[in-house]
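Visitor: Given next are the chains, with one letter for each unit.
Protein chains: 2
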Amino acid sequence: MADKQFVYFFGEGTKDMKKLLGGKGANLSEMTNIGLPVPPGFTITTETCNLFYELGKKWPEGLWEQVLSNLAKLENKMGMKFNDLVNPLLVSVRSGSAVSMPGMMDTVLNLGLNDKTVQALIKKTGNERFAWDAYRRFIQMFGDVVMEVKHEKFEHALTSMKKKKGVKVDTELTAADLKELVDEYKKIVMDEKGVSFPQDAKEQLKMAMNAVFDSWNNNRAISYRNLYDIPHSLGTAVNVQSMVFGNMGNDSGTGVAFTRNPSTGENKQDGEYLLNAQGEDVVAGIRTPLTIDNLKKDMPKIYDQLMDIFKTLENHYKDMQDIEFTFQEGTLYMLQTRTGKRTAASAIRVAVDMFKEGLIDKKTAVLRVEPDQLDQILHKRLDPKEKEKAKVIAKGLPASPGAAVGKVVFHAADAVKEAKDGFKVILVRTETSPEDIEGMATAQGILTARGGMTSHAAVVARGMGKCCVAGAEAIKVFEKSDYFTVGGIRINKDEWITLDGGTGEVFLGQMPVVDPELSGSFGEFMEWVDTFRKLGVRTNADTPKDAEVARNFGAEGIGLTRTEHMFFEASRIKAFRKMIVAKDEESRREALMTILPFQKQDFIGIFKAMEGLPVTIRLLDPPLHEFLPSEDKDIAEIAKELDITFEELKSIVVSLHEINPMMGHRGCRLPITHPEILEMQTRAIIEAAIELTKKGVVVKPEIMIPVVGILNEVKLLKKQIVQIADALIKKNNVKLDYKVGTMIEVPRACLTADEIATEAEFFSFGTNDLTQLTFAFSRDDSGKFLPDYIKKGILEKDPFATLDQVGVGELIKIAVAKGRATNKDLKVGICGEHGGDPASVEWCHKNSFNYVSCSPYRVPIARLAAAHAAIKEKTGEIFRDK
Amino acid sequence: MADKQFVYFFGEGTKDMKKLLGGKGANLSEMTNIGLPVPPGFTITTETCNLFYELGKKWPEGLWEQVLSNLAKLENKMGMKFNDLVNPLLVSVRSGSAVSMPGMMDTVLNLGLNDKTVQALIKKTGNERFAWDAYRRFIQMFGDVVMEVKHEKFEHALTSMKKKKGVKVDTELTAADLKELVDEYKKIVMDEKGVSFPQDAKEQLKMAMNAVFDSWNNNRAISYRNLYDIPHSLGTAVNVQSMVFGNMGNDSGTGVAFTRNPSTGENKQDGEYLLNAQGEDVVAGIRTPLTIDNLKKDMPKIYDQLMDIFKTLENHYKDMQDIEFTFQEGTLYMLQTRTGKRTAASAIRVAVDMFKEGLIDKKTAVLRVEPDQLDQILHKRLDPKEKEKAKVIAKGLPASPGAAVGKVVFHAADAVKEAKDGFKVILVRTETSPEDIEGMATAQGILTARGGMTSHAAVVARGMGKCCVAGAEAIKVFEKSDYFTVGGIRINKDEWITLDGGTGEVFLGQMPVVDPELSGSFGEFMEWVDTFRKLGVRTNADTPKDAEVARNFGAEGIGLTRTEHMFFEASRIKAFRKMIVAKDEESRREALMTILPFQKQDFIGIFKAMEGLPVTIRLLDPPLHEFLPSEDKDIAEIAKELDITFEELKSIVVSLHEINPMMGHRGCRLPITHPEILEMQTRAIIEAAIELTKKGVVVKPEIMIPVVGILNEVKLLKKQIVQIADALIKKNNVKLDYKVGTMIEVPRACLTADEIATEAEFFSFGTNDLTQLTFAFSRDDSGKFLPDYIKKGILEKDPFATLDQVGVGELIKIAVAKGRATNKDLKVGICGEHGGDPASVEWCHKNSFNYVSCSPYRVPIARLAAAHAAIKEKTGEIFRDK
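Protein sequences appear in the order of chains A and B. With the numbering used here as the guide, the letters of the first sequence map in order to residues 438 to 1319. With the numbering used here as the guide, the letters of the second sequence map in order to residues 438 to 1319.
No lab work stands behind these hints, which were simulated from the structure alone. It is possible that some hints are incorrect.
Copies of the same chain are indistinguishable here, so a pair counts whether it falls within one copy or spans any two.
Each computed DSS-like pair below joins lysine-lysine, with the alpha-carbon atoms no more than 30 Å apart [as the list claims (entries may be wrong)]:
{"hint": "1", "residue 1": "LYS822", "residue 2": "LYS800"}
{"hint": "2", "residue 1": "LYS630", "residue 2": "LYS1167"}
{"hint": "3", "residue 1": "LYS1020", "residue 2": "LYS832"}
{"hint": "4", "residue 1": "LYS1250", "residue 2": "LYS1261"}
{"hint": "5", "residue 1": "LYS1020", "residue 2": "LYS828"}
{"hint": "6", "residue 1": "LYS1264", "residue 2": "LYS1167"}
{"hint": "7", "residue 1": "LYS1137", "residue 2": "LYS1261"}
{"hint": "8", "residue 1": "LYS917", "residue 2": "LYS1087"}
{"hint": "9", "residue 1": "LYS1234", "residue 2": "LYS1020"}
{"hint": "10", "residue 1": "LYS1283", "residue 2": "LYS1250"}
{"hint": "11", "residue 1": "LYS854", "residue 2": "LYS518"}
{"hint": "12", "residue 1": "LYS1255", "residue 2": "LYS1229"}
{"hint": "13", "residue 1": "LYS1011", "residue 2": "LYS913"}
{"hint": "14", "residue 1": "LYS1234", "residue 2": "LYS1255"}
{"hint": "15", "residue 1": "LYS738", "residue 2": "LYS1168"}
{"hint": "16", "residue 1": "LYS1152", "residue 2": "LYS1229"}
Quick caveat: nothing in here was measured; it's all calculated off a predicted structure.
Based on the provided sequences and hints, a complete structural model is requested.
Guide: Structural data, given as structure tokens:
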């Protein structure tokens, strides 16, 4: 172990050694190598940190020797020495892991100062105040970060000193004041920790290194890694770098900058700096930094040099950089460079521009934008600055992105009414049901107290591209009394609230909203995306409007049209209810016939919007009780409407009640007991298709049977569908191709897919229900325990948001393999919410799906995710599953 | 095809050719071969019938030629000829498939009679009346069965004739009357069918053969096969046999007999006969047949000959036979022999006796009793004779066998109260819930309107060995008003009803019940059974009493103890409710501590009853809301009891409400959010085990975690269990081995069984829930469509009664293979209701399970089924699945 290289001098590493040297260390080496002015120093590897823990918080043999020899090299290079009374070496010590973890550990600056070297610094700089201030800052930082003295103690002493001296800001304190403060600080350390402040620079370095290692596993760091899925095994590096000072007068300064604009992507540097300041002064916010442009005037030489360096960096790194710099007495030093974080708009523009500038190829440009980021540019957002100040009253699941501001209403009917009166409203409910559709459509946003990422509210809202916060369990909704409570506050009808669907936050009052804008580069970028993509991308759309939106976003057809929503419109619900309460088949048929023309018009609209593209229509899916009221008051009212007695309707409602409706009388089980529903729907679909075909419109209907688990279900229903469809086609003498397939959402369908595929022409995996059944997690109820599951690490992710590849994925693989074994032409797609989740899209690509289908606003995301998967397969980063 | 043998002369076949010749044909050949007096004839094969259908109801080439040549052989043998004017050949034509299908097609007797041969018959027999009666009967049978003339027409003519002649019974009609009737019958045929009655015997035979072929697919036959799971591909044979006449005077006669007693198994023939009669006269019931014993006096020679034949048959067939015989003018003929159907008691006695007589070996004896039959001797039954007369008011599922008579009550509390007052009651509910346990225990039987074979009522009743009819959907129960209605009748509280749990029938009033009796052979027989069995058989038992019953029935341990029922006892439910409504962990813990001593006593009782055998205890499984009331009235009452406000309790009830409780906050999800429940239960189990161990009682606890789907669930909970258990064992300084395993009932657990088996020491498949989730069939709700599924042939069997091998079985196979791959010592069992179903037990044997576990009263059935499977594996009839 002693021959292992624990320490790399800047220049010994490269930018590709992030894992070993951390991001900061690797890039300091890289910049050194390409000749940029980096203050010399060395990096202790992340492996060392891991060894430190393996050895029970002990140093591996040979580490100190390697540190000492690199220190000697540094002293030699700088012509300075630790503890030297003439030319003392001062260093900064910083942590730095492979993945940036801001705020994990504060930086220690000016290490090497002590009671003697401070005198040397005075002599060398001729600036007594500067030296005492540096020493004072060092004790404060080291005391806090390394020795764990409460920082309030130091702050209190500083405040007292200012009071005593009658000054307001630190800079007004004199050298003598600061010297006095150093004494007080040292006394604080002695009082708090029972030891004197370490005077030997090597001792200081040892302690600082230990502190950095320790910081890797402090609570803050562990939580951060859990939150952002960062492996705990990475470890942190320690960077020891010779100090440069931005606070040595007006020819010194410090700043940060992006090589391009991180908000817009404009090809112009963006940053700020302060003269005569250290990095922490910029952060402290006492003085207002200037924009980089001003540097041209203030320090033209430095400015020009910086611009050259930016070019060099971009040419070298082939990406927009986020850098830190300091200049000391007219000399520029680079302290950090890393890939700059950016908004989606910026990411797209930078990618497109850099391709055009010849910096990167198209493949790289496409990989530069994260699919999930696109949500930002497709939806309204809250103004980030205003958000910081606002009061969050509750937090739910970020069920559908965007922002919404409106007056609270508790009933769909109220939403419709108030919207008609010109008010913006937010519909708040314990949970939504299909009856609420119209209210949801007119509301600005939806807030529910119950339900997960695939609850009714969430799915419908995403389909509509409407902001939704779901499952905010802290909220108690009293629909009947028109108010909700949360954390002791009561919010009445017509009070204003604001939702952030991207974070799940709920705010009291009205907040300013920023509209989305699709930059000019978006269209061009998405065209490139499609040149790489292998996987088809369709949309889930229930209306012509949704279909149009999705087509504009690049959808190549519809993967799922849910027909149940069509029954809830006022003009139809009555007829449908008449069907449900009818005593015999004939009256059921009669009631359905009044819906047929409406349903046909629905399909005509959707087929037109998707002309030439396939449209998958799912037959009626939900249990019939969802179409009937449950409260006695409503039963009475609707019984009157239907011209039957309260008792009759009540008895039907009771007999239709189900204990577990998710596994009840729904899906294909409806047409098996009520064939007339299927007949009506098949007629509506095929008649609509025929009518358009006659007008020359190309229509490709795909009829999908839901909740299938048994071959004979498909056999029986397909026979009925084909009989009706073929008779109509023959009668009308048109050429019309249609397909009949099944939604695969029941585990048994997967396990017997070889049988089912002999009848089905396509499989569309309904991964919402498949996830429910495979886990036995009711999506309506799992909110009671799923948060605990994530918190306790039982599950890494919500399986309703990202496909569970190990369990549900395994079942789907079985189904695809079995299905294709008996039907090699079987088309395979996914139409659950996972169709719009990038990780799940990649999985579908790996498993040779034909397409994914997602809500309209996620179509661009799915397209990009599919392109990423295809590119990654080409570069060997991922492989097809066997 | 023309070289195929379509026709076998009696004697050309053997008893093992049932598939080809049908049961009747094969045995007629066999009897011919062993020298018994069988009237000669031939059999047209079942293959011919299948070919007939394949050819679109046409005869295969060569068939008629083969029939003709066999007919010639028959004529030759008999010295008689078709259409002969001196010695005309008359034959019977009968269907006969491989599996007996009584009533599928009536027999045609006396074929060959026509206007001329009837005269020859007169001359030959000198009995004019006999000949005209034979012709008359032939036209009637042939007209009805072959020509499809409505049989009422003939009956009407016969009745008119009797009226006209002023006589009461057929036998009073003279030869002249019958001759006149023949003319009328022929006229009826002409009027109805427009053709004259066929006069050519060969033509008659052709038509009769076609009629038999056709009859294979008449509605009655198809329904019968669907009902009894008989493959439609079997086809029927046609038996053409020369006629013998039992109605040729007082030295002629006909009868049926069993070689041993089919009710008791006593080794003494049992049967009846009529002198001067044909088979149909016995059936018609005009004359009362005599028991076989009387034949000794009437026809001693025939009697002796018959007794010899019985011996011969039993020695040859090695089983009890059910035979038909006729004697004509002092000569005995055998018309049929087949294996005799028998009661369970008879089956056991015959098997044991025949082994002792040296007729069969033990293996054969064990195979002679069908596992399902044992239900008969373990439960009360309705007197079969009384049952025939009684009025069935409803039919539900035969959820738990036995019979029950009692006064109707609608509330568990009423059941308890009335039982205390000495009344027998039947608890009638829409569905039962755990709250009803005590009422169910005191009731004679349970009747529910909703729920399937694994509904709460069904499962609990079977566990208690109590009669239950579940899911009688025609019944509407009005619990609040204390009555139920069915088919227009209203049955009030305290009215008497009777249930047959073996058929699902519900009767009005009180009916006599027969107590079960275990014959002397039962114990001996079951000992033999266990010498063959490889599969372990455990029981599902929640109380010491159930455990004892099961142990007496041969259970080798407990496969499932449900702990939730223990919480419903009055003394505990309050404490448990206090736990649920507690605001913090401490009060929850406090409430649970008051239950601990009770729970510990439960386990002590069960451990004692199962001393030395493994006892698998499942941790609390149901969602917490099952322990709270749902009606406002009850909420108010219980809130008072718990010393909280109505609003508080109501709000808890509302917050615990679940849309799909089956997939909600239950099973291992409870201890993950409420670790203190698991702590209390682990302590109760281990403390009970320690207390007994100290007294020298050998205890083998197996702690089972329910509803597992994710490795980390098991990891987390097992760690907690082991910590508590090991600490207690160490503190008490005893040696106690215990296991921790999981119930496998969630599809994801099967799919990730390789992961889960690294932590679990055993898998116990909970096939009830696994079936629910794999099919997405809620067992509480599937009653709405499952009957349609069976009726329409979508499913052959209720998957809750018999394991669905294709779907659910596939998932279990995946789980077993994966689980044993990472844990070769993994114990695998099944504890769903399928553990007591013979077909499912065989499947478990084939898949190398370690054990099955079933309700106490099904333990003997499972033992026998397991023995059958082991024997069948040895004989190569079944194979282990790979």
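Visitor: Against each hint, give a clear statement of whether it holds in the structure.
Guide: Do the hints match the structure? See the list:
{"no.": "1", "hint": "LYS822 to LYS800", "result": "neither (35 Å within a copy, 85 Å between copies)"}
{"no.": "2", "hint": "LYS630 to LYS1167", "result": "neither (93 Å within a copy, 40 Å between copies)"}
{"no.": "3", "hint": "LYS1020 to LYS832", "result": "between (48 Å within a copy, 22 Å between copies)"}
{"no.": "4", "hint": "LYS1250 to LYS1261", "result": "both (15 Å within a copy, 26 Å between copies)"}
{"no.": "5", "hint": "LYS1020 to LYS828", "result": "between (56 Å within a copy, 27 Å between copies)"}
{"no.": "6", "hint": "LYS1264 to LYS1167", "result": "within (26 Å within a copy, 61 Å between copies)"}
{"no.": "7", "hint": "LYS1137 to LYS1261", "result": "within (21 Å within a copy, 53 Å between copies)"}
{"no.": "8", "hint": "LYS917 to LYS1087", "result": "both (21 Å within a copy, 15 Å between copies)"}
{"no.": "9", "hint": "LYS1234 to LYS1020", "result": "between (48 Å within a copy, 29 Å between copies)"}
{"no.": "10", "hint": "LYS1283 to LYS1250", "result": "both (11 Å within a copy, 26 Å between copies)"}
{"no.": "11", "hint": "LYS854 to LYS518", "result": "neither (79 Å within a copy, 96 Å between copies)"}
{"no.": "12", "hint": "LYS1255 to LYS1229", "result": "between (36 Å within a copy, 26 Å between copies)"}
{"no.": "13", "hint": "LYS1011 to LYS913", "result": "between (32 Å within a copy, 27 Å between copies)"}
{"no.": "14", "hint": "LYS1234 to LYS1255", "result": "both (28 Å within a copy, 24 Å between copies)"}
{"no.": "15", "hint": "LYS738 to LYS1168", "result": "neither (85 Å within a copy, 78 Å between copies)"}
{"no.": "16", "hint": "LYS1152 to LYS1229", "result": "between (45 Å within a copy, 12 Å between copies)"}
Figure legend: structure checked against the earlier numbered hints; hints not met, in rising order: 1, 2, 11, 15.
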